[in-house]
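Be aware that the sequence shown starts at 1, since it is given in my numbering, and climbs by one per residue.
Think of the hints as simulated: they come from the structure by calculation, not from any bench.
Certain hints may be false.
As the list claims (entries may be wrong) - BS3-like, lysine-lysine: derived pairs with alpha carbons at most 27 Å apart: (1) Lys136 <-> Lys192; (2) Lys136 <-> Lys190; (3) Lys99 <-> Lys23; (4) Lys300 <-> Lys314; (5) Lys244 <-> Lys136; (6) Lys138 <-> Lys341; (7) Lys296 <-> Lys265; (8) Lys375 <-> Lys43; (9) Lys244 <-> Lys265; (10) Lys314 <-> Lys244; (11) Lys314 <-> Lys341; (12) Lys110 <-> Lys190; (13) Lys364 <-> Lys375; (14) Lys300 <-> Lys23; (15) Lys110 <-> Lys192; (16) Lys265 <-> Lys136.
Keep in mind that this is a model prediction, so the values were computed, not measured.
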Amino acid sequence: MNFGREEIQELHKRVGHVTVAYKHLIVVWGGVLRYQTNFRNDKTILAEQIWFYNTLTELWTLAECTGDVPLGHSGSTGVVCGDFLYLFGGLFGENSEFKYSNGLYRLNLKTLVWTQLNPTGPAPKKCDKGVGWEYKNKLYFFGGYGEGPSSLQRNIESTFLLDINNQGFMGWNNQFICYDPEENAWSIPKVKGVPPNPRAAHAADIIGHLAFISGGREGDTRNNDLYCINMETFTWSSNLNSGKESNEVPGGLSWHSFSFVSPNKAVLYGGLKQYGSPSLEWWECTISENNEVSWKVLPKLMNPLIWHKAAYSKITGEVIIVGGVHDSPYERNEKDCEDKKLVVLAYQPISLFRLCLNVIVSDKALQLFADILPKPLMDLVAYRSEQSTYLL
Numbered sequence: 001m002n003f004g005r006e007e008i009q010e011l012h013k014r015v016g017h018v019t020v021a022y023k024h025l026i027v028v029w030g031g032v033l034r035y036q037t038n039f040r041n042d043k044t045i046l047a048e049q050i051w052f053y054n055t056l057t058e059l060w061t062l063a064e065c066t067g068d069v070p071l072g073h074s075g076s077t078g079v080v081c082g083d084f085l086y087l088f089g090g091l092f093g094e095n096s097e098f099k100y101s102n103g104l105y106r107l108n109l110k111t112l113v114w115t116q117l118n119p120t121g122p123a124p125k126k127c128d129k130g131v132g133w134e135y136k137n138k139l140y141f142f143g144g145y146g147e148g149p150s151s152l153q154r155n156i157e158s159t160f161l162l163d164i165n166n167q168g169f170m171g172w173n174n175q176f177i178c179y180d181p182e183e184n185a186w187s188i189p190k191v192k193g194v195p196p197n198p199r200a201a202h203a204a205d206i207i208g209h210l211a212f213i214s215g216g217r218e219g220d221t222r223n224n225d226l227y228c229i230n231m232e233t234f235t236w237s238s239n240l241n242s243g244k245e246s247n248e249v250p251g252g253l254s255w256h257s258f259s260f261v262s263p264n265k266a267v268l269y270g271g272l273k274q275y276g277s278p279s280l281e282w283w284e285c286t287i288s289e290n291n292e293v294s295w296k297v298l299p300k301l302m303n304p305l306i307w308h309k310a311a312y313s314k315i316t317g318e319v320i321i322v323g324g325v326h327d328s329p330y331e332r333n334e335k336d337c338e339d340k341k342l343v344v345l346a347y348q349p350i351s352l353f354r355l356c357l358n359v360i361v362s363d364k365a366l367q368l369f370a371d372i373l374p375k376p377l378m379d380l381v382a383y384r385s386e387q388s389t390y391l392l
């Protein structure tokens with residue numbers, strides 16, 4: 001699909017979207033545009049559209065999906081398994097009303113065809129702002145905010161924290177659920193230890209057989225905890241930040257990101273602090289073999305970032321951060337109307353190919369000689385040069 005400056009800027013102004021890594025690509029789907037002052041006027045991103053960022057060429061591609069395309073969602077959880085993107089839950093608008101979902105959709109990333117799935121087994125709670133990951137070809141989801149459990153769901157092993165500030169039966173949960181694509185079935189893993197409290201807008205990532213959950217909102221509290229679950233034994237750890245001084249760990253956060261960049265190091269970026277102010281901090285978390293953690297605060301951000309999404313590209317060794325807002329989502333202002341760009345945190349050297357390509361794209365004099373390049377490279381320089389003008 002063709003696109004211009006407006007589409008590129010909508011890509012970077014969105015919140016509540018899905019951002020995941022797939023091979024050498026970063027996939028971005030869904031969300032809403034939150035640059036207006038009235039929540040009801042927020043623009044839902046077209047669900048038929050999906051973006052791909054090529055980490056090898058730094059080139060964006062906009063494509064159109066077909067099939068059982070889900071309604072436009074905010075706060076869905078996206079997980080890649082094989083050549084498929086699975087989409088669980090979220091908040092969607094229907095007939096001028098907002099509804100929480102526990103639906104599950106699958107997108108074939110090769111054909112771009114959506115399929116609505118109807119799994120057997122115990123249905124999860126309807127919620128948004130949860131987290132998820134893949135392990136041994138199964139999908140796992142934890143937490144979220146949404147509707148309280150139905151009578152059938154009250155027997156499921158999880159806790160629900162009622163939101164006393166909401167007139168409906170809404171709140172936070174700590175449901176931990178598994179989806180098996182081969183069986184097309186939900187199940188509730190039998191866990192050991194004490195699971196984290198109910199929460200939403202938390203962050204998570206998996207490395208090896210260990211999945212980590214960071215922070216999130218629980219009632220009026222934004223947590224600064226870090227939990228781990230061993231996916232081989234389904235055993236929860238205690239809070240790995242427990243016993244540390246307040247200046248040794250990040251403060252309580254929601255709407256932040258937590259991404260592994262090596263087998264023992266993760267990056268926590270941005271977020272909304274306890275009393276609703278945006279965080280200017282980013283941290284590196286080092287985790288030892290026996291799950292002891294140490295945190296290192298890095299230089300403050302030029303601009304805070306909240307409600308963004310991050311994905312780590314193993315191909316290029318970069319954390320790619322898409323979207324988000326600079327101020328509290330509850331107090332939006334004109335600053336969030338400003339144009340935004342991709343945030344890239346590099347954890348390994350950029351390839352010589354990309355360095356050369358970036359030099360050519362940034363130098364109009366060199367572009368005059370691009371026609372001596374092989375046609376694929378000549379076309380790549382042209383596409384990159386065109387896209388760079390959208391971000392000036």
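Do the hints match the structure? See the list:
1. Taken as a hint, the Lys136 and Lys192 pair is honoured in the structure, with Cα atoms around 19 Å apart against an allowance of 27 Å.
2. For the hint pairing Lys136 with Lys190, the CA-to-CA distance comes to about 17 Å; that is within 27 Å, so the pair holds.
3. In summary, the hint linking Lys99 to Lys23 is not supported, as the alpha carbons are separated by about 33 Å, beyond the 27 Å threshold.
4. Between Lys300 and Lys314 the CA atoms are separated by roughly 25 Å; this keeps the pair inside 27 Å, and the hint holds.
5. Between Lys244 and Lys136 the alpha-carbon distance is near 34 Å, which puts this suggested pair outside the 27 Å criterion.
6. The hinted pair formed by Lys138 and Lys341 fails the criterion: a straight-line CA distance of about 34 Å is larger than 27 Å.
7. At most 27 Å may separate the alpha-carbon atoms for a hinted pair to count; Lys296 and Lys265 meet this at roughly 11 Å.
8. Simply put, Lys375 and Lys43 have alpha-carbon atoms about 39 Å apart, too far for the 27 Å limit, and the pair is violated.
9. About 18 Å separates the Cα atoms of Lys244 and Lys265, which keeps this hinted pair within 27 Å; it holds.
10. Only pairs whose Cα atoms come within 27 Å are accepted, and Lys314 paired with Lys244 is rejected, the gap being roughly 31 Å.
11. For the suggested pair Lys314 and Lys341, the alpha carbons sit about 21 Å apart, so the restraint of at most 27 Å is met.
12. Of the pairs offered as hints, the one joining Lys110 and Lys190 is violated, with about 34 Å between alpha carbons and a cut-off of 27 Å exceeded.
13. For a cut-off of 27 Å, the pair hint linking Lys364 to Lys375 stands: about 18 Å separates their Cα positions.
14. Taking the CA atoms of Lys300 and Lys23, the gap is near 31 Å; set against the 27 Å cutoff, the hint is violated.
15. A distance of roughly 38 Å separates the Cα atoms of Lys110 and Lys192; the hinted pair therefore is violated under the 27 Å criterion.
16. Of the supplied pair hints, the one linking Lys265 and Lys136 holds, its CA atoms being roughly 22 Å apart against a limit of 27 Å.
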